[in-house]
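Chains as they are written, first to last, in the numbering used here: chain A, 1 to 114; chain B, 1 to 116.
Rather than coming from a laboratory, the hints here were simulated on the basis of the structure. These figures come from a predicted structure and were not determined experimentally. Careful: at least some of the hints might be erroneous.
Residues from chain A shown here face chain B by an in silico Cβ test under 10 Å; the list is partial [what the hints assert, rightly or not]: (1) S28; (2) Y32; (3) F104; (4) R109.
Example chain B residues on the side facing chain A (calculated, C-beta under 10 Å, incomplete) [to be verified]: (5) S43; (6) D65; (7) F67; (8) L68; (9) S95.
All residues carry an ideal CB built from backbone N, CA and C; glycine is no exception.
So you can see what is in the structure, the chains are spelled out below.
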Amino acid sequence: GENVEQHPSTLSVQEGDSAVIKCTYSDSASNYFPWYKQELGKRPQLIIDIRSNVGEKKDQRIAVTLNKTAKHFSLHITETQPEDSAVYFCAATFTSSGNTPLVFGKGTRLSVIA
Amino acid sequence: GAVVSQHPSRVICKSGTSVKIECRSLDFQATTMFWYRQFPKQSLMLMATSNEGSKATYEQGVEKDKFLINHASLTLSTLTVTSAHPEDSSFYICSARRTRFTDTQYFGPGTRLTVL
Numbered sequence: 001g002e003n004v005e006q007h008p009s010t011l012s013v014q015e016g017d018s019a020v021i022k023c024t025y026s027d028s029a030s031n032y033f034p035w036y037k038q039e040l041g042k043r044p045q046l047i048i049d050i051r052s053n054v055g056e057k058k059d060q061r062i063a064v065t066l067n068k069t070a071k072h073f074s075l076h077i078t079e080t081q082p083e084d085s086a087v088y089f090c091a092a093t094f095t096s097s098g099n100t101p102l103v104f105g106k107g108t109r110l111s112v113i114a
Numbered sequence: 001g002a003v004v005s006q007h008p009s010r011v012i013c014k015s016g017t018s019v020k021i022e023c024r025s026l027d028f029q030a031t032t033m034f035w036y037r038q039f040p041k042q043s044l045m046l047m048a049t050s051n052e053g054s055k056a057t058y059e060q061g062v063e064k065d066k067f068l069i070n071h072a073s074l075t076l077s078t079l080t081v082t083s084a085h086p087e088d089s090s091f092y093i094c095s096a097r098r099t100r101f102t103d104t105q106y107f108g109p110g111t112r113l114t115v116l
């Protein structure tokens, strides 16, 4: 089955700097890669996702890149703000009939220092 | 986005009792829902895939007789933790896809279970 590795486990950046979180996956059949942000005690919130037919996607200060050959994908947050502090999870799955679950990485705790 | 609700949001129970958690898709029908468990400072671990009208598919290491899943309708899946013990204390979260042809999974707000 799919296995997702995520690094780093913790990340501290100064406000205004960029943050990069990297994930690798094992199953070459995976074709959908979402990123979730989870604040303490809250549900994971989808912040951006990418499908295997695209190499990069951007939404304001957030971007995701995908390298299918190397089987890794990364989250980039620019101009970080204190409210970006949270735990970020990457995930991977193969979407077909709709009953395939997401496999999550272990998470990255991002702290943005004002 | 699609809305998924869970009830209760928080429950405290005595060891040996059973607890039922409900997961509802409020504005869409979900043929498949997923149940995850999250321990403090850890990732979301898939427990089972809940299929409407059929038996749930459990992940390796998850006891199906302890974690009973019933997906009785297209908008409701329930997880019952039977004979709960302190080690079952965790954050339980469900998720669902809006349709089987979309990728995005929407998560419920989670249920914090504490077993004394």
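Hints, verified against the model:
The interface hint given for A/S28 is violated, since its Cβ lies 18 Å from the closest Cβ of chain B, which is over the 10 Å cut-off. For A/Y32, the shortest C-beta to C-beta distance to chain B is roughly 5 Å, which falls under 10 Å, so the interface hint holds. With 10 Å as the threshold, the beta carbon of A/F104 comes within range of chain B, its nearest partner Cβ sitting at about 5 Å, so the hint holds. At its closest, the beta carbon of A/R109 sits 8 Å from a beta carbon of chain B; the interface hint therefore holds under the 10 Å criterion.
Annotation: B/S43 was flagged as interfacial toward chain A, and the flag holds, the nearest CB pair being 5 Å apart, inside 10 Å. At its closest, the beta carbon of B/D65 sits 21 Å from a beta carbon of chain A; the interface hint therefore is violated under the 10 Å criterion. At about 15 Å, the closest approach between the beta carbon of B/F67 and any beta carbon in chain A exceeds 10 Å, and the interface hint on this residue is violated. At about 19 Å, the closest approach between the beta carbon of B/L68 and any beta carbon in chain A exceeds 10 Å, and the interface hint on this residue is violated.
With its C-beta approaching chain A no nearer than about 8 Å, B/S95 sits inside the 10 Å limit, and its interface hint holds.
The earlier numbered hints that this structure contradicts are 1, 6, 7 and 8.
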